[in-house]
Structure formats: C-alpha cells, structure tokens
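S.K.: Going line by line, the protein sequences match chains A and B.
So for the first sequence, the numbering used here puts the first residue at 1; every next one is plus one.
So for the second sequence, the numbering used here puts the first residue at 1; every next one is plus one.
Because the hints were derived from the structure by calculation, they are not lab data.
Owing to the predicted nature of the structure, the values given are computational and were not obtained by experimental measurement.
Some clues are possibly wrong.
To be verified - Straight line, CA to CA, 30 Å or less: simulated BS3-like cross-link-like pairs of lysine-lysine:
hint	chain 1	residue 1	chain 2	residue 2
1	A	K98	B	K303
2	A	K99	B	K28
3	A	K60	A	K250
4	B	K303	B	K124
5	A	K61	A	K250
6	A	K99	B	K20
7	B	K124	B	K300
8	B	K28	A	K98
9	A	K12	B	K70
10	B	K300	A	K98
11	B	K124	A	K14
12	B	K20	A	K98
13	A	K99	B	K303
14	B	K70	A	K99
15	B	K70	B	K51
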Amino acid sequence: MISPDLSRRYFKAKVFHLFCASVAWIGVLILGVLLFHVTREGFPWLDMQFINDFPSRFPKKAGINSALFGTLWLIGFTALFSVPIGIAAGVYLEEFEKKNAFSQFVDLNISNLAGVPSIVYGMLGLVIFVRWFGLEESVLAGAMTMSLLILPVIIISTREALRAVPGTIRQAAFALGATRWQTVYAHALPQAFPGILTGIILALSRAIGETAPLIMIGALTYVAFVPEGPMDEFTALPIQIFNWASRPQKEFHELAAAAILVLLFVLLLMNSIAVIIRHRLENRNR
Amino acid sequence: MQGTSELSLDESALDLSGSKRWREEIIKGILFLCASLSVLTTFAIVFILVKEAGIFFQEVSVFDFLFGTKWTPLLEPRSFGVLPLVCGTLLVVVGTALFALPVGMATAIYLSEYAPSRLRSILKPLLEVLAGIPTVVYGYFALTFITPMLRSVLPDVQIFNAASAAIVVGIMVLPMVASLCDDTLRAVPDSLRQGAYAVGATPFEVNMGVVVPSALSGIMASFVLALSRAIGETMAVTLAAGATPRMTADPFVAIQTMTAYIVQVSLGDTPAGEIGYQTIFAVSALLFVITLFMNIFSSKMLKRFREVYE
Numbered sequence: 001m002i003s004p005d006l007s008r009r010y011f012k013a014k015v016f017h018l019f020c021a022s023v024a025w026i027g028v029l030i031l032g033v034l035l036f037h038v039t040r041e042g043f044p045w046l047d048m049q050f051i052n053d054f055p056s057r058f059p060k061k062a063g064i065n066s067a068l069f070g071t072l073w074l075i076g077f078t079a080l081f082s083v084p085i086g087i088a089a090g091v092y093l094e095e096f097e098k099k100n101a102f103s104q105f106v107d108l109n110i111s112n113l114a115g116v117p118s119i120v121y122g123m124l125g126l127v128i129f130v131r132w133f134g135l136e137e138s139v140l141a142g143a144m145t146m147s148l149l150i151l152p153v154i155i156i157s158t159r160e161a162l163r164a165v166p167g168t169i170r171q172a173a174f175a176l177g178a179t180r181w182q183t184v185y186a187h188a189l190p191q192a193f194p195g196i197l198t199g200i201i202l203a204l205s206r207a208i209g210e211t212a213p214l215i216m217i218g219a220l221t222y223v224a225f226v227p228e229g230p231m232d233e234f235t236a237l238p239i240q241i242f243n244w245a246s247r248p249q250k251e252f253h254e255l256a257a258a259a260i261l262v263l264l265f266v267l268l269l270m271n272s273i274a275v276i277i278r279h280r281l282e283n284r285n286r
Numbered sequence: 001m002q003g004t005s006e007l008s009l010d011e012s013a014l015d016l017s018g019s020k021r022w023r024e025e026i027i028k029g030i031l032f033l034c035a036s037l038s039v040l041t042t043f044a045i046v047f048i049l050v051k052e053a054g055i056f057f058q059e060v061s062v063f064d065f066l067f068g069t070k071w072t073p074l075l076e077p078r079s080f081g082v083l084p085l086v087c088g089t090l091l092v093v094v095g096t097a098l099f100a101l102p103v104g105m106a107t108a109i110y111l112s113e114y115a116p117s118r119l120r121s122i123l124k125p126l127l128e129v130l131a132g133i134p135t136v137v138y139g140y141f142a143l144t145f146i147t148p149m150l151r152s153v154l155p156d157v158q159i160f161n162a163a164s165a166a167i168v169v170g171i172m173v174l175p176m177v178a179s180l181c182d183d184t185l186r187a188v189p190d191s192l193r194q195g196a197y198a199v200g201a202t203p204f205e206v207n208m209g210v211v212v213p214s215a216l217s218g219i220m221a222s223f224v225l226a227l228s229r230a231i232g233e234t235m236a237v238t239l240a241a242g243a244t245p246r247m248t249a250d251p252f253v254a255i256q257t258m259t260a261y262i263v264q265v266s267l268g269d270t271p272a273g274e275i276g277y278q279t280i281f282a283v284s285a286l287l288f289v290i291t292l293f294m295n296i297f298s299s300k301m302l303k304r305f306r307e308v309y310e
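Extracted from the complex, chain B is given alone in its bound form (with noise of 0.2 Å):
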C-alpha cells in the first residue's frame, strides 16, 4: 500500500477503454480469490476441526476429556482423560523453555549489543542454517545421539524420554528465539543506550538494566511464540519421547505429547469413524486453541512494543 496509497488516484474517472476496464476488474477478481483462499483455509480449519471434534464430543463429556487423568482411548477400558498428554507435551514445553530461552537470549544479546558486524554476518546465516534443518533431522539426532548421550551419564534414563525430545525441541526453536530476541533489541533505539552510558553505566548495566526492560515486551512476544512452536512440534517427539501416556514430571521416562499420540493413531489400524479414531480431532483442536491464543497474545504483545519505539 505503501506506495499507492499517497497517490489518491482516482481510476473510474480514467478514460479507459471497455475491454481495458474489464481486464483489469477481472484480474483484480483472480487476485482477490487467492488472497480470500488463506481466510478459507482457516474457517476449513474450524470447521473440520469442530465438526470431528463433535463426534467424539457426542460420547464423551468436554469435561472429563479435559480434566480426566488417564488416557486409552485405544484399550478396554477406555478412558478419554487427555492430561496425560497435556502433561507430557508440557514436560517438553518446560525442557525447551529451560534451554532455548536462556541461550536463545543471550545469543541475540550477543548479535546486537556485542558483535562486530562481520562477526554477525557470519553468525546470523549459520543460525538459519540451523532453522532450516528439517524436524525429522532433529528427531533422528535426539534418538541416535542425545539418548545415548544422556544415558551414558544416567544409566536410569529410558530409550525414550522428555529430556531428549526437549533439548533437540530446544535446539530447534532456538535460532527463532535468538532472531526474534535479536530484531527487538535493534528496536530499542540507540538514545536510550547513550543515556544510560551518559550517566556512567557499565555495558553489563546498560544492557541488563537499560535495553532488555526496554524491549521487555518484545521478548516475551518471541518466547511466547517460541513455545508455541514447541508445542505443536511433532516428528521431533515423536521419535525421541516415545508414546507412553502418563502424568509424570520425571525428564527421564518415556511419555507422550499431544502431536505424537495423533502421529501413532494416524499410523495404526484404527479404523477412521471410530471413536478411538475420532479422539485425534478431540486433540488437535486442543492443539490449535492452544496455539491460537498464544499466537495471538504473542502479536498483541508485539504490537505493543512497536507502538512504543516506532
């Protein structure tokens, strides 16, 4: 819009010919459906998402699916408590927090406070790199690689666990935190920096007392959005935390996620109509209401950081 919009041009009063204003009214139609197409996707997400949903919801009750603590949907008896789930894919979440934020952090500290520029553009495309490498990639690593790590220091640890999921998950949203993290504090504009130095701050002060506050709401928009991506991860989880429903805050036993429980129904025999088969659209539109209000406090937070600094 931006170059259009400061040139008030007023088309229907063109001289144009017919067929020309045609043409032009039809490809402005073409183009109008293809963006419409991304506001179609989301109410197809909806709907298929409720109306699938709604058969399992026929049958079991919204409230023990959501507060119910044992989780077989596919074995007698049955029992539809999705916590286990919620439990494991949070157990991941806490993981990838603990190491993905921090590290994350200080990277972007690192790439926008300290680094000389040539360092930086040397650094920047390397994380991407990282970024880009696919989720399977990762989940292979965590099962021929962080595993046998973990259990050559803690024999205890099974061959499937939340930690090894939750430091290759972490490993995965980390450029993202770090990139993120690293365009809100390059928004912090440079006077407050001067101000701060101006008053006899040391670098450590100025940074941890002056730009981070001030960009404090930026952060929490790039972690929340960081999280959010960890909990709808799958392949990663799938591989490396196994698919053992449960309630545990035990790093070091095999669980399940949300995303892993629908991979493993997906790749059963469970025939699809059923309601041990329905139960996978109960979950997803769990995950996506889930992700949806994070996704959108994140915008809302980041909104608000702009409207400060620009």
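If we strip away everything but chain A, and leave its shape as in the complex, we get (with noise of 0.2 Å):
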C-alpha cells in the first residue's frame, strides 16, 4: 500500500527528471537555431565572388578575399610560435621539474592565465609587440599577441596528455640507459601526441575565432590587399563579420552571415583534420 505521500514525492522526483531532460536539450535546440539562422541568411551570398572579392562599400561587390588570407596568415604564425613554445612548456612543467615552490606558482599562474579576459591579452599585444617591439599592425604583432592568449590552453593539454602516459614507459627507457631528454622525447612524448594535438587544434581554433585582441591591436576593418609577409598589415574573418555585423543596412548583416558560414566551414575542416590524425594515431600506437 502507497502513501499519498510517498506518491506525491515520486511524482515530484518524475516532474523533477523530466523537467532536467527537457532543459538539457535548450543548448542544442539553440545551436539549431543559430546556425540555422546564419545559413538562412548568409547562403544565398556565397559564390566564389564572394571569396575572391575584397571588401566594399557596395554589398554587391564585397569579398572576403584579405580577411580569409589574413585569417590563414595569422593562424599559421600563431601555430608556428606557440606550438614549439606551448609543448616545451608543458615537457618542462610536466617532465623535468620537480615538486616545488616555483612549479606550484607556474601553475596556479598558468591556470589564472587562462582565464584573463581576451581584450587584456590585447591591451598587453598593443603596449609591447605594436609599440615597443616597433611590430606595427602587422601578421607578427597579431600572430605574437595571439601566441600567449592561447599557450596556456596548449601548456595545459599537453601535460594532461604526458601525465596519462603510463609510468613504467619512462622506467624501462631509464633501465635502459636513456637520459630523461631521450626518454620524453622517444617515448613520452608520442605516446602523447594525440592528446596534445587535440589541444593544439583546440586553442588554435579559438585563435581564429578572438575577435578582440585583433581589434586592440590595431588590425584593420579594411584591407584591400592579400598580406604578402609578416610585416605587412592584415584583417581577419572575425574583424570582417564584426565591421558588417555592426553596420545598419540589412545586406551587410546577411554579408556577416556568409563570412560566418566562411569561419565556421575553417573551424569545422580543422577540427574534422584533427580527428582524423588523431585516429590514425592512436590506431598506430596501439
């Protein structure tokens, strides 16, 4: 025999599972929705004049043309120097120092790191690679700016990544004679190579989305022209969807829209390469 009571708590525990099933899905209905909506109104804009074409006052003429090459150009300079850097970092932390004051202060500093807002990794871009390093508005100051916004996420991973390396690997390559450089070097680390790399298209993609730091720093709203080397001056996808997005006219909204589609095509290709080595890898290493 059931107790009205015990009923109605079963009742309310029902209410209650139901009532998180539902909410738990808002998420995903509103990622539906926004993609849905940027689709809607970018596709109808995308052709191949659309990626040739630079920017124009004249919404029938504009391109993305500098912004994707700026993009591209800044991405591959932010992976070339915070990569190597990010890596070594996470070895160093994770491989060769031991359990101390300073370790513990690098870490708690790496972890509030990543939490500075974007915009301050700008102001710090702006004071000391555009001003005092005399970098201007160019692919190396962005690139550079870039770099340290994103070295913690890659820091973090990597360490992650060598810490689930299991122990005994390293103690049979000491056994047999191999300096700790050889052993993390021929063992740890591509053992853990698919988890760092995760991070890497991890905080690359973040990169290529960080509209503010860009802005900070100076990059222009409009380029005509494709950078030809790391001094010159750039724009990037998200600077260009941000100048559209916040003009009046309608057509420059639905031209936002398509640079949109544009970036999330770049991101969606990256992250699609990235599980794709991943696999291999880890098939590999098997």
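Can you join these two chains into the complex? Each is in its own frame, and there are hints to help.
M.R.: Following this line, the structure appears as structure tokens:
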C-alpha cells in the first residue's frame, strides 16, 4: 500500500527528471536555431565572387579575400610560435620540474592566465609588440598576441596528455640507459601526441575566432590586399564579420552571415582533420 | 611528474659523457625558458596595466574613478566616473547568471545523474560545439535574431539593449557551466547516493538533498568562473548592448560595458597618450583585477571540493 505522501514524492521525482531532461536540450536547440539562422541569411551570398573579392562599400561587390588570407597568415604564424613553445613548457613542467614552490607558482599562474579576458591580452600586445617592438599593425604582432593568449591551453593539454602516459614506459627507457630527454623525446611525447594535438587544434580554433585582441592591436577593418609577408598589415575573418555586423544595412548583416559560414567551415575543417589524424595515431600506437 | 617521481633517479651519478650531459642541460634550459614565458606574461600584463593606468591616475584620482557616476571621458565637460560602465557590465552579468546558471545546472544534473551513456555521448559533444563558436558570431546572432525577437514581443525595446547581450552571453557560458558542474557532480562518490537510496529517498531527494549539496563548493566554483568569463566577454556585448554608458537597471535600453568601451576607444580616432585614450588602461586594469579575484576564488573553492572527495 503506497501512502499518498509517497506517491506525491515519486511524482515530484518524475517531474524533476522530466524537467532536467527537457532543459538539457535547450543548448542544442539554440545551436540548431543559430546555425539555421546564419545559413538562411548568409547562404545566398556565398559564391566564388564572395571568396575572391575584397571588402567594398557596395554589398554586391564585397568579398572576404583579404580577411580569409589574413586569417590563414595569422593562424600559420600563431601555430609557428605557440606550438613549439607550448609543448616545450608543458614537457618541462610535467617531466623535468620537481614539485616545488616554483612549479606550484607556475601552475597557479597558468590557470590564472587561462582566465584573463582576451581583451587584456590585446592591451598587452598593443603596448609590447605594436609599440615597444615596433611591429606596428602587422601579421607578426597579431600572431604573437594570439600565441600568448592560447599558450595556457596548449601547456595544460600537453601536461594532461603526458600525465596519461604510463610511468612504466619511462622506467623501461631509464633502465636501458636513456637520459631524461631521450626518454621524453622518444617515448613519452609520441605516446602523448594525439592528446597534445587535440589541445593544439582546440587552441588554434579559439585563436581563429578571437576578435577583441586583434581590434586592440589595431588590425584594420578595411584592407584591400592580401598580406605578402609577416610585416604586412592585415584583417581577419572575425574582424570583417564584426565590421559588417555593426553596420545598420541589412545587406551587410547578410554578408556577415556569409562570412560566418566561411569561418565555421574553416573551424569544421580543422577539427575534422584533427579527428582523422588523432584516429590514425591512436591506431598506430596500439 | 607522476611517472618519474616514484623513480628517484640520481642523474648526476650516471656516467654520462661530457657532451651528452651538456646536451641534456642545454635542452633543459631551453624548456625552462619556454615555461618561464608564462610567468613573464603575467608580469608583463601587470606591468603595462600599472604603468599605463598610472599615467591616467596622475590626472584623475582613484576615488573619482571608482566612485564617480558619470562617464564622459571623450566629451567636454569630461568626467571619469567608471560606475556607469561597471553598472552596464553588472546588468549583463546578472542576466547571464539568470539564464546560464539554472539551465547549465539542470543540464549537468541530467548529464551526470539521469542520461543514459549513449545520450550523454551525443549531448556532450554538441554542447562542445556550442562552446567552440566564436564570440563575434554570438554578437551577430544577438543583433539579428534575439533583438528582433525581443522587439516583436516588447516593442519598446531599444535596438541595442542589455537583455539581448545577456541572453547570448548566457548561451555562450552555458556549455562551460554544464560541463564543469557535470564534472563536479560525477566526482561525488556513489556511496553517498546509495546511502540515500537505502533509507528510502526518491531520485529527486537524492539529487537535490544529497548530491547537489555535497558538490556545492565545486558548483559555486564553476558559477564564479563562468561569470568571470561573462565579465570579460567583449564582442557580443559590443555588438548587442550598445555604446551608451549609464546607470540603469532597465535591461531594455542601450548601455555600455567595460569591455565594449575599450573596443569603442580603440576603434575610434582618440590619439594615443591623450587622457581620454589612457582611460582604456584604467578600465582594463579594473577588469583584470575583478576577473583575477574571481578566478582565484574559484580555484580555491575547487581545491577545497577536491580535498573533500579525492
């Protein structure tokens, strides 16, 4: 015999379950709405002319050529700086550093850096790279700023990936007379590589979408040429999107949507490549 | 460290030939330099903010800046009270919290306590996609979708308004709240759940009476971290919330946040070195201090949570 009180309690439990189960899909629903909205607005504008043309004050003639190539230049140089430095820092902290006051300080420091608003990195880049180093509003200044921004992500994921490599592998290498660096370079790093790669892609994806730091260092919104070297001025996809979205005319909003589609496509492409490489590496390591 | 610390290896006792030992030391030195770069970055951020904001505070007193209620740094008569910007930021953050904290929490409870593993493995990656969408895209979405929607319901809503920005920033931090809370809930030992079921509690009573309270410090940590990110969020609020600094609690009028102000000045033609320009460093310093304290508070809470259960 179930008392009315007990059935009320179970009813409450059921309602709560249903509530959580439906709320949990709100995020996915919004994602769907967002993608649908962007596609509906932007898709009609997507053609070769949009990819090949430079920005223009006439919506029909406007394109993202300089922004797309600016983004590619920027990400290339960002990867060039941040990947080796990030992996090296992660290796040092995980494999070489003994647990002491310095390593704890660095730990705390890195987790705090990961939480610093991106616009503050923009201020840093503006003062140090643009002014002190005299790099002006170049691809190089942008890439260095972005590198500082994503370094914490790469360092943290490198450390996590190395931590997951079993200690026995290192011990076997030591037992055969390998030095610490030989052990790390030839055994721990290759094992950890799929994990590190995931972190790198995640970090670079973040850099591709970041807008605020680039605005701070003065990346221009109207650039009618493709950068030819690291010292050239540049614009990037998110800046072009920001510029178009902040204009009042509807046509420019639609252009922004089209540029968003290109940006999301680049992100998707990068992440798929990462998944494929990761899959291959994991199979090989096994 | 885990793999190597259990093996106390006295490397200096190894008979390494000279060149080999040198190589080890040089490599170790290079790696150390790379790791130091992160410390250097922190010092550089603090240094430039203190230095540049110092130029500003030579002309404006810290008190006037922090407690002034009028922000017109670029127009005569100039006034440098930062409170309207803080108020704008706060309005967005409160709105974000109202949306993202309950929804994120319920999502986390579903993920960790109810969802079958197959559904979980679909839902989690989808939320990660939501987290990976660039913030400028959310700004566009706020301006061209959320705001028109709000205006069709409430015609008095201005084109730029805090509510629309708060909603998209809420959407933006939702995956973060959900995934951090999910991690904390899953760290609560099963023995607590089993104990509660054993004395006859319903699933609702187990979750809300035992699991969530046990994970409270971890949940708080995720909330604080998410809101700290909402404070630093820039592009969505710049596009959607407007550029009108004012003290108001009305979410349907244009406001300006600290971050949006920084962008406005940096896009404008205020010459560098001029006092109006130096304001962005003072505002950045304030932003940095607020988010830093929130992040430190959050990691302290998380540490306490871990010490209890791990």
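S.K.: Would you mind marking each hint as holding or not holding in the structure?
M.R.: Structure-based check of each hint:
no., hint, verdict
1, K98(A) to K303(B), "holds, 21 Å"
2, K99(A) to K28(B), "holds, 16 Å"
3, K60(A) to K250(A), "holds, 12 Å"
4, K303(B) to K124(B), "holds, 24 Å"
5, K61(A) to K250(A), "holds, 15 Å"
6, K99(A) to K20(B), "holds, 25 Å"
7, K124(B) to K300(B), "holds, 26 Å"
8, K28(B) to K98(A), "holds, 13 Å"
9, K12(A) to K70(B), "violated, 50 Å"
10, K300(B) to K98(A), "holds, 23 Å"
11, K124(B) to K14(A), "holds, 23 Å"
12, K20(B) to K98(A), "holds, 22 Å"
13, K99(A) to K303(B), "holds, 17 Å"
14, K70(B) to K99(A), "violated, 50 Å"
15, K70(B) to K51(B), "holds, 25 Å"
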